Each structure stands twice: as C-alpha cells, then as structure tokens.
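2 protein chains.
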Amino acid sequence: MSQLSEFLSNNQNKNVEELKELLRIPSISSLSEHKEDVQKAASWILNKLKQIGMEHVEIIQTKGHPIIYADLIHQENAPTVLVYGHYDVQPVDPVNLWETPPFEPTIRDEKIFARGATDDKGQMFLHIKAVETLLELNGKLPVNIKFCIEGEEEIGSPNLPHFLTKSKEKLSCDVVVISDSDMWDKGIPAITYSLRGLCSLEVSLKTANSDLHSGMYGGGVQNANHLLVQLLSTLHDSNGKVNVEHFYDEVMVLTEFEKEQIKALGFDEEKLKKSLGLTDLVGGEKNHPYSERISSRPTLEINGLWGGFQGEGTKTVIPNEAHAKITCRLVNNQDPKKIQELVKKHLDEHAPKGCTVKVSVGDVGNPFLTPIDSPMIQKAAEAYKKVYEKSPVYKREGGSIPIVSDFSQILNVPVVLMGFGLPDENLHAPNEHFHLENFDKGILTICAFLELI
Amino acid sequence: MSQLSEFLSNNQNKNVEELKELLRIPSISSLSEHKEDVQKAASWILNKLKQIGMEHVEIIQTKGHPIIYADLIHQENAPTVLVYGHYDVQPVDPVNLWETPPFEPTIRDEKIFARGATDDKGQMFLHIKAVETLLELNGKLPVNIKFCIEGEEEIGSPNLPHFLTKSKEKLSCDVVVISDSDMWDKGIPAITYSLRGLCSLEVSLKTANSDLHSGMYGGGVQNANHLLVQLLSTLHDSNGKVNVEHFYDEVMVLTEFEKEQIKALGFDEEKLKKSLGLTDLVGGEKNHPYSERISSRPTLEINGLWGGFQGEGTKTVIPNEAHAKITCRLVNNQDPKKIQELVKKHLDEHAPKGCTVKVSVGDVGNPFLTPIDSPMIQKAAEAYKKVYEKSPVYKREGGSIPIVSDFSQILNVPVVLMGFGLPDENLHAPNEHFHLENFDKGILTICAFLELI
Numbered sequence: 001m002s003q004l005s006e007f008l009s010n011n012q013n014k015n016v017e018e019l020k021e022l023l024r025i026p027s028i029s030s031l032s033e034h035k036e037d038v039q040k041a042a043s044w045i046l047n048k049l050k051q052i053g054m055e056h057v058e059i060i061q062t063k064g065h066p067i068i069y070a071d072l073i074h075q076e077n078a079p080t081v082l083v084y085g086h087y088d089v090q091p092v093d094p095v096n097l098w099e100t101p102p103f104e105p106t107i108r109d110e111k112i113f114a115r116g117a118t119d120d121k122g123q124m125f126l127h128i129k130a131v132e133t134l135l136e137l138n139g140k141l142p143v144n145i146k147f148c149i150e151g152e153e154e155i156g157s158p159n160l161p162h163f164l165t166k167s168k169e170k171l172s173c174d175v176v177v178i179s180d181s182d183m184w185d186k187g188i189p190a191i192t193y194s195l196r197g198l199c200s201l202e203v204s205l206k207t208a209n210s211d212l213h214s215g216m217y218g219g220g221v222q223n224a225n226h227l228l229v230q231l232l233s234t235l236h237d238s239n240g241k242v243n244v245e246h247f248y249d250e251v252m253v254l255t256e257f258e259k260e261q262i263k264a265l266g267f268d269e270e271k272l273k274k275s276l277g278l279t280d281l282v283g284g285e286k287n288h289p290y291s292e293r294i295s296s297r298p299t300l301e302i303n304g305l306w307g308g309f310q311g312e313g314t315k316t317v318i319p320n321e322a323h324a325k326i327t328c329r330l331v332n333n334q335d336p337k338k339i340q341e342l343v344k345k346h347l348d349e350h351a352p353k354g355c356t357v358k359v360s361v362g363d364v365g366n367p368f369l370t371p372i373d374s375p376m377i378q379k380a381a382e383a384y385k386k387v388y389e390k391s392p393v394y395k396r397e398g399g400s401i402p403i404v405s406d407f408s409q410i411l412n413v414p415v416v417l418m419g420f421g422l423p424d425e426n427l428h429a430p431n432e433h434f435h436l437e438n439f440d441k442g443i444l445t446i447c448a449f450l451e452l453i
Numbered sequence: 001m002s003q004l005s006e007f008l009s010n011n012q013n014k015n016v017e018e019l020k021e022l023l024r025i026p027s028i029s030s031l032s033e034h035k036e037d038v039q040k041a042a043s044w045i046l047n048k049l050k051q052i053g054m055e056h057v058e059i060i061q062t063k064g065h066p067i068i069y070a071d072l073i074h075q076e077n078a079p080t081v082l083v084y085g086h087y088d089v090q091p092v093d094p095v096n097l098w099e100t101p102p103f104e105p106t107i108r109d110e111k112i113f114a115r116g117a118t119d120d121k122g123q124m125f126l127h128i129k130a131v132e133t134l135l136e137l138n139g140k141l142p143v144n145i146k147f148c149i150e151g152e153e154e155i156g157s158p159n160l161p162h163f164l165t166k167s168k169e170k171l172s173c174d175v176v177v178i179s180d181s182d183m184w185d186k187g188i189p190a191i192t193y194s195l196r197g198l199c200s201l202e203v204s205l206k207t208a209n210s211d212l213h214s215g216m217y218g219g220g221v222q223n224a225n226h227l228l229v230q231l232l233s234t235l236h237d238s239n240g241k242v243n244v245e246h247f248y249d250e251v252m253v254l255t256e257f258e259k260e261q262i263k264a265l266g267f268d269e270e271k272l273k274k275s276l277g278l279t280d281l282v283g284g285e286k287n288h289p290y291s292e293r294i295s296s297r298p299t300l301e302i303n304g305l306w307g308g309f310q311g312e313g314t315k316t317v318i319p320n321e322a323h324a325k326i327t328c329r330l331v332n333n334q335d336p337k338k339i340q341e342l343v344k345k346h347l348d349e350h351a352p353k354g355c356t357v358k359v360s361v362g363d364v365g366n367p368f369l370t371p372i373d374s375p376m377i378q379k380a381a382e383a384y385k386k387v388y389e390k391s392p393v394y395k396r397e398g399g400s401i402p403i404v405s406d407f408s409q410i411l412n413v414p415v416v417l418m419g420f421g422l423p424d425e426n427l428h429a430p431n432e433h434f435h436l437e438n439f440d441k442g443i444l445t446i447c448a449f450l451e452l453i
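Heads up: the sequence lines are chains A and B, in that order. At position 107 of the first sequence (counting the first as 1) the number is 107 in our numbering, and the numbers step up by one without a gap. At position 421 of the second sequence (counting the first as 1) the number is 421 in our numbering, and the numbers step up by one without a gap.
To be clear, the hints were calculated from the coordinates, so they are not data collected in a lab. All figures in this text were calculated on a predicted structure; none of them were measured in a lab. One or more hints might be untrue.
No distinction is drawn between identical chains; accordingly, a pair holds when it is met within one copy or between any pair of copies.
30 angstroms max Cα-Cα, derived DSBU-like pairs, lysine-lysine [unchecked claim]:
no.	residue 1	residue 2
1	K274	K50
2	K263	K273
3	K344	K273
4	K286	K345
5	K358	K315
6	K286	K206
7	K353	K259
8	K315	K337
9	K345	K241
10	K241	K315
Please build the complete structure, drawing on both the sequences and the hints.
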C-alpha cells in the first residue's frame, strides 16, 4: 500500500465525518426559504478551503447565490488546474420516499445516503481532500491550483458565465477539472469528453384573422394545422436526416477509434427497447447506429406542437393559428446561433402559400469536446488506470451542460470531466447516495492526476 | 290585390300581435331555469293549432322538451305536406348589447326585434298563419297538412330522430317543408337544396411508454410529433385533394346548371379575402372554384393537433404521444360511416414504423340534397316567383343540419327548405329580428305553394 493510500485509509473516518457536516446543510438553491442555508454551505466551503491551506479564499456575491474562489500558486513551472464544482443541491420531494432523511447523512452498505452525496458535494469534496492530502504529505502541491465553486448549478448557473468572462484573468489555467459526472459502471471509470450543444426555436403560423367555421368555409380557406403539418414535414428526409441546408456542414465526424470505443461498450438494444416499451428504435438518421445517434450526431426535435381544438368531442373549427417548438442537439463544431439561423431560414423559405410564418429564436448552448488524444485527457486516463487498474471508457454524452462549454470557450483550455458517481446513485431523486469506494479512490485518482500533469 | 293579399293586409296587425305573444315566452331550451317557459311555449303552439282548426293536436313528451303534432287530413287525392319548425330559442347573452329587451318584441324600421323573431318562431308561425288564412277564406285546405314542431333544435334535436323513426307512419307525407333558413338578399328568395354531412375521427399516436429526455435519447428514438406530422401529411395531395382511397367515389358532381347558378351568384373574392385577413384563398381542391369548394365538395380538416410541450420557454422533451382531431364535410352521396372507415383505414395503413396509431370514430351526419329539378322544389320556386316576382336562387349550404337529412332519409321524401329570413337578421346574436315584409310575403308564398302542389 502506498504512503498515500495508507494516509487516506487512516483518515477515512475523519474525511467522511467532514463530508457529513457539509451534507447536513440543506443548500437547495431553487427554494428561497433555503437562501440562508445556501450561504451557510458557502461559508462552510470557505472555511474548509482556508483550513487546508488554500490562499486568496473569497466569497463572490452574485445576483443569486455566491461563488467561492481560492488559489494556491507557488509552482512557477508547473501547470495550473482550475477545479469547478457546486455546493447547491436539488429539492428533496417526494420526501416520504427517502429511507433516511435527506439531510441526515447515513451510511448503509458502504454508501453514504444524503441529498448532494454524489451531485455534487461529495464529488466536489474529493478535490478539497486531494489538495489537503498532498499538502499534508508533501508540504506542497505538484501544480498550481484554483477553485471555483458555485451555488447555482441546479438552477442553470445564471450568474456563472458573467463571472467567467469578467474574471478570465483570475481564472486563467491550463486545464479545468470537473467531477460532476458518472463512471461507466462499478469499477469501470469513464471520461466524458463530449457534450452536445443546443439551440431552440418556436414557429407560429397564422392564416385568417380568426378561427373559422368549417361549415361555412371548409374546403375554401386554408387551415393553419394543415399548413403547419406541411411545413414541419419538410424538416426531415425519409432517412431521418435533418433536411435543412448546410445543417451538417460543420459536424465533426467520429474517428475510427471513437467508433470502436462506442461499439466496444456493447449497447443492449433489446434491453433498451423493452424498458422504453418500443418495438423499434427508429429516431434520427437511419445510416448511423443508435449509440452514435444519441451521442455524436446532431438532431432536430419537435418538442411541442399545437393548433385548434383539443377538448372533448368534436369542434368543426378551421384553426387560424398553429405552433411548434423545436430544439436541436448540436455537436462540434456546429455553431448554435448559426444553426438557429439556418433552421429559421428553412422555415421562412418553406412557408406555405396563404399564411404568415413567424420564427422566434430561443436559448443556445455550445457543444463541448476535448479530444480523447489531448494530453490532459490522457493524463486523467493514466490516473484512473493507476487507481482503478482499468482504462477508462471514453464517453460522449448526448445532453448539454452549457457551463462546461462556457469554461472551455471562455478560458480557452481543455476541460476534463472526471466523474466518480455511478449511474444508479439517484441524483435528483430520493435516496441519493455515493459509494464510499469511490470516495477514497476518487481522492487517490485526483492526487495521481495532479502528480502526473 | 288578390283576395288573399287583402285578407292578410287587413289582419296584419292581429297576426303580428299574436307572434309577439309567442316571442314574449323565453323558451331557451339550453337553460334548465327556462324549462317551464319551454313548456309554456309548447302549450301556446298547441292552443294556436287547435284554434286555427287543426286536428289531433297533441303534445308528445320526450326525455327533454316536448314535440307538438297536429294534422288536418281531408283531401283524399291531394298530397300531404309535413311542416317542421321549432319553438325553442338560443340564449340571449350578452344581454346588454340588445337595444330593446330580447323578450319584449318591438317594431322598428318595419322589423320585429326579439329573440326567436327569425329563428324560428317567426318563420314557423308563417305556416300556422298560412293554414289559418286558407281555412278562413276557403273553409278547407287544398292539401293535407301535418305539423311537427319541436323544442330542442337549438340543443341539437337529441330526441327528434327517435320520434321520427318511431312515428314514421304517423308522419308519412309527400313533402317536408321547413322555414328555418335564409333568403339570398332583400327581395331575392332562395331555396337551400343541399347541405353537407359530417363525420369525425380522433387519432392518437404513441411511441415510448413515457416522454423521454432529448439529451439522453435525442436522435435515437422516435418522436411522436414527428410521426404524427408524417402521418397527417399523407392526408392531402399537393393539389389539396383528400388523399384517402375511394374518398371521392360516391361524390355527386355538379350539373352544368348548378355550376352556372353558382357562377351567376357572383362571389366577391376580394371582399372576402379582406374580411378574413387573407391574401389567398387556398384551402381545399385547387381545381374547383371557391364557391364550389365550400358548398359542393367534401373536405377533410384537421380541427385540432397537439403533442408535447406547449408552455413558455423551452423543454427538451421527446413526446411519447401526439393527437389530432379530424372532421370531414361530406356531400351526396357519400356515406359518413363509410368515409369514416376509409379515413381510419388510411391512417392505420399509413401508421409510421415504431408507433401505435389508434383511431376512434365520432359523430356522423348525413348530407342532404333535394334535386333542383324535383317537382316539389319547382313548385316552391313558382310560389316564390308569384309573390316576390323573382325566381329564387338555388343554394347549397356548406354546413350540416343533421335533422334535415333525418327527415329526408327516415320519411323518404323530398325536403324543401323555404327560408324567409335574411342573412343579417342576427340569429343567435343580440338584436335578432325579422323583416315584416317577409312576414306577409312568407304567408303568401306558403299559401301559393300549398295551392300549387
């Protein structure tokens, strides 16, 4: 057993007790009655960072909940690592489904149960412990380190991008490390190296100045529902490809290595179909396998659709307006604003005769990708391998975490998503928990990463 | 001035006063607090029919409001005419928009203002007066006559079809005459000789067993909105024709005379476009003119459409269900139930892969047509010409009045819609009224018709 392992093993009890202190604070960012608890959690982090020897520790107030900054910069020729995490948590409803109260951390079966145990207090705390451990053992760190811990992740980080832009200098670094994601499975680490971006649009189609009676006008005047169906039916071709000109122009195609990685993960189509209650998985592009489609290919989804009468029975109305809500999931190097414009242009150009089509653009979020072969990803992989004795799986996630691409784009550095959660740890749900095995191994892996880079 | 005209002229005051009595009774069939008023109106009619000399006068109770029957059958070799009308009226809201109270009949500018003045107390009363007049002048009628006056027309005649079927024998006749429709314009009579029928359907399309997150599944699984759009887009071809096999098989095409009639009526496209706020009138079949499309051609309209998220902002959901409500307007000789089945079959057969499509069938109503050249229509035209000194316009209405086709189909006789209302008499609206000119001319026309057949 290495000196590090031994040290951690001796301190496990103390470390877990400290995490419990933090987990006891109900820092639910979305509920105003917990505003003080959120502040309390921020103060707890602040003190902890001071206590382990971090410098320039400060609380930055925002329009919402505060951000905590700290650094320790003494290694002139070593790289600088910025750790991002969050100390706020999701609400706990339905609280009656919790086996033990959400803010009374309890250990059962080598897992610690509490709201925030895995998302993200537990995972974020690993970095604090790694720094403390290295400082206690060596009196110094092998790198320079900065912490940026926020309290609004669960409400969409409304104030963080502004802080990043404003504090670009202060946050400058060589890599951002975030532990707020999953491993592949028990004992199998994973690095999420790509996230999809997003853009949204809304279409409103109008015909006459009011709804019309189908007895008087039926067959004579245009029906907004018909025209919307006609318009929306142009958005995909018969192979499931998005039929918008230049939509795929900037799409980065998968490397052979990535395709092999995806194949090697062994997707169980039958199991998925059964759990979703589907006989076929026929969304998206026919000429791409399912696992690629949900992670590495862009999409255009009609999330909402409505026009005319939705009540009980029959109403012989010719609706004069119909609407659709659309979002696209995007991949590198698609520019969400550009894609929004392309989709808008398509809808405008395909507007059927006899109506006006108004397209409004909504949210955007950049896709994110740190190439697998980038040095920082490779160091993280090495660190995982050292501790878990297994190479990590390289994952592309189909979802969007805009803040990750914000870090990557604003600070212009690679971001390493080094997750220690497990997929079944009930994040955002009752009985959230974190496996203690990954508490110790997480600290070890982070220490190894800091020593390797 | 004929003897008849002179008689009516002498009695106008008395006749209008009698109508006022009936108009004072607030017989609103849809409001339960007026149940007794509806009964009161029925009694009033009953007494009036007795008073003018009708026989076998009876009130037939139903599950709702009563039907009144009466007859006078003494002309062995003459035809029998069945008069249908209704004594119930629409509600009066918004009552503050009435210039004089709805149940205080008032004469202004040669019009009588009251709820029910034109729809249908006023028009129905013309037939009672015509019979009374002929009996007073001649001591007998030139025909046999039956009355069937109901009190539930404004709530969709829920009990009348059953009564018609049950009383087929009792109601047997050579022609049904109904005065519950419009003239073409002031001084220009009209005969509505065709109404469209109706059938309705609802489509529910389902994919997975729940809504899915587009981050995790987007591009992988089918989206119910996409599949519904795809399915609905098959219902019409690019020329606006309904794309359902055999849909048009039984459609009776317009005769050259009918086409000329429609053309001669001189439809003002620019005026209509302006009033509807449309730049084009592009609903329905491209190769038929507007006036034909809204009156003489069948349609398929998507009255309602919905799936997924309709709230504010963005929700990255892949909806697992989507719905549409459909009605078809039908023309002779389309069978509504058969068309329903054809549309259902089309939807089932075109169900996209990866979903289940459930089609449920709703209301049906038969189309109605009495050919222009049928003897009864021609006699009615002659009667109009005699009184108004103008040939009537032959109109096809695009709407549906199921009870008209019920009379036609159950009793298997021609139905003559001999209207004396004017299009701007505010039926169903505040300040409903009836032109007194058409009160006298209406009685004269009905007398002429009874003498001609």
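**OP:** Please work out whether the CA atoms of K286 and K206 approach to 30 angstroms or closer within one copy, between two copies, in both situations, or in neither?
**Re:** between (33 angstroms within a copy, 20 angstroms between copies)
Subject >> Copy assignment of K353 with K259, given that the CA separation must stay at most 30 angstroms >> reply: Between copies only: 27 angstroms across chains, 44 angstroms inside a chain, cut-off 30 angstroms.
**OP:** At 30 angstroms max between alpha carbons, let me know whether K344 reaches K273 within a copy, between copies, both or neither.
**Re:** Between copies only: 28 angstroms across chains, 34 angstroms inside a chain, cut-off 30 angstroms.
Original post:
Given identical chains, is K315 near K337, meaning Cα to Cα at most 30 angstroms, within a copy, between copies, both, or neither?
Top reply: between (40 angstroms within a copy, 18 angstroms between copies)
Subject >> K274 and K50: within-copy, between-copy, both or neither at 30 angstroms Cα >> reply: neither (51 angstroms within a copy, 74 angstroms between copies)
Subject >> Intra- versus inter-subunit Cα pairing at 30 angstroms for K241 with K315 >> reply: between (36 angstroms within a copy, 22 angstroms between copies)
Subject >> 30 angstroms Cα threshold - placement of K315 relative to K358 >> reply: Result: close both inside a copy and across copies, 26 angstroms intra and 20 angstroms inter.
Subject >> Same-copy or cross-copy closeness of K286 to K345 [CA-CA at most 30 angstroms] >> reply: The answer is both: 25 angstroms in one copy and 27 angstroms across copies each meet 30 angstroms.
**OP:** Please work out whether the CA atoms of K263 and K273 approach to 30 angstroms or closer within one copy, between two copies, in both situations, or in neither?
**Re:** Classified as within: same-chain Cα gap 18 angstroms, cross-chain 59 angstroms, threshold 30 angstroms.
Original post:
For K345 vs K241, is the C-alpha pair at or below 30 angstroms within one copy, between two copies, both, or neither?
Top reply: both (17 angstroms within a copy, 29 angstroms between copies)
Checked against the numbered hints above, the structure breaks only hint 1 and satisfies the rest.
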